[in-house]
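Sequential numbering from 1 applies to the sequence shown in UniProt numbering.
It is worth saying that the hints were derived from the structure and are not from the lab. Don't be surprised by glycine CBs; every beta carbon is placed ideally from N, CA and C. Heads up, a few of these hints could be off.
[To be verified] Listed next, the in silico DSSO-like pairs over lysine-lysine satisfying Cα-Cα at most 27 Å (straight line):
#1 86 / 45
#2 65 / 139
#3 69 / 18
#4 45 / 141
#5 160 / 69
#6 24 / 54
#7 168 / 54
#8 65 / 16
#9 15 / 54
#10 69 / 155
[Said to hold, decoys possible] So the derived label-pair ranges between C-beta atoms look like this:
#11 177 / 62: 37 to 43 Å
#12 60 / 176: 23 to 29 Å
#13 155 / 61: 36 to 42 Å
#14 54 / 158: 22 to 28 Å
#15 139 / 177: 30 to 36 Å
#16 168 / 17: 43 to 49 Å
#17 57 / 165: 21 to 27 Å
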Amino acid sequence: MQMKSEVYGLEEELKKQKIQTWYKEYSDGIYRFILIMIGDHEQAKDLTQDTFIKAYHHLDYFAGKTSDKNWLYRIARTVTIDFMRKRKPIRYMFDSINGIPAKDPSPEKIVQLGEEEEQVYRALSQLKRSYREVIILRKIKELSVRETAEVLEWKETKVKTTLSRALKALKTQLRKEGYHHETIS
1 MQMKSEVYGL
11 EEELKKQKIQ
21 TWYKEYSDGI
31 YRFILIMIGD
41 HEQAKDLTQD
51 TFIKAYHHLD
61 YFAGKTSDKN
71 WLYRIARTVT
81 IDFMRKRKPI
91 RYMFDSINGI
101 PAKDPSPEKI
111 VQLGEEEEQV
121 YRALSQLKRS
131 YREVIILRKI
141 KELSVRETAE
151 VLEWKETKVK
161 TTLSRALKAL
171 KTQLRKEGYH
181 HETIS
């Protein structure tokens, strides 16, 4: 009986170490991903913590079919979507179904961004969720098409198609907001 509890204690310690290692390696990227999705620094910190807590509790189910980074991003995406659904279920429904975006920039924090970044952030926040997600993962987080497909649980062709449409929509939104840059022309 004592041997069994010692083994369990060792397994728990190994799980904690793995999560701590992943946290050191991936928490900044996951925090930024969540921040861009919701636009609230404090809430993004909380959701980042929730992501790693959920990963700890579900580590036994991690089969290694995807990379640890992609698995964590998938959890972060789920945690963020769940938060958005609970916080503003009506807005989330419109965002998901009709592409009417939530308008929740964090004005007190966005001042810290440069003017160009602020304009891109605002335009990005106006896009529907699927477009925001694919742009964030592919262009901002620089995940590969395969990695993005794993995180979003899409086919690679859908990632490519959606990214193309999302970038066109972002370009249109930037023009609509009066943003002019040689890469947008």
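Outcome of range test on Cβ distance (residue 60, residue 176; 23 to 29 Å):
violated (48 Å)
Could you grab the alpha-carbon distance between residue 69 and residue 18 and see if it respects the 27 Å cut-off?
OK: residue 69 and residue 18 at ~12 Å, within 27 Å.
Supplied distance hint 30 to 36 Å, evaluated on CB atoms of residue 139 and residue 177:
violated (18 Å)
Can you tell me whether the CB distance of residue 155 to residue 61 sits inside 36 to 42 Å?
At 23 Å between Cβs, range violated.
With the threshold set at 27 Å, check whether the alpha-carbon distance from residue 160 to residue 69 stays at or below it.
holds (20 Å)
Is residue 15 close enough to residue 54, meaning Cα to Cα at most 27 Å?
holds (12 Å)
Measure nothing beyond the straight line between the CA atoms of residue 86 and residue 45; if it is 27 Å or shorter, mark the hint as holding.
OK: residue 86 and residue 45 at ~17 Å, within 27 Å.
Do residue 57 and residue 165 keep their Cβ atoms within the hinted range of 21 to 27 Å?
Roughly 36 Å apart at Cβ, these two residues miss the hinted range, so it is violated.
Regarding the pair residue 69 and residue 155, is the alpha-carbon distance no greater than 27 Å?
Satisfied, since the Cα-Cα distance of roughly 18 Å is no more than 27 Å.
Mind checking the alpha carbons of residue 168 and residue 54 for me, to see if they're no more than 27 Å apart?
violated (35 Å)
Is it true that the CA of residue 65 sits at most 27 Å from the CA of residue 16?
Roughly 21 Å between the alpha carbons, so the hint for residue 65 and residue 16 holds.
Outcome for the supplied range 43 to 49 Å, where the beta carbon pair is residue 168 and residue 17
holds (45 Å)
In this structure, the earlier hints numbered 7, 12, 13, 15 and 17 are contradicted, and the remaining ones agree with it.
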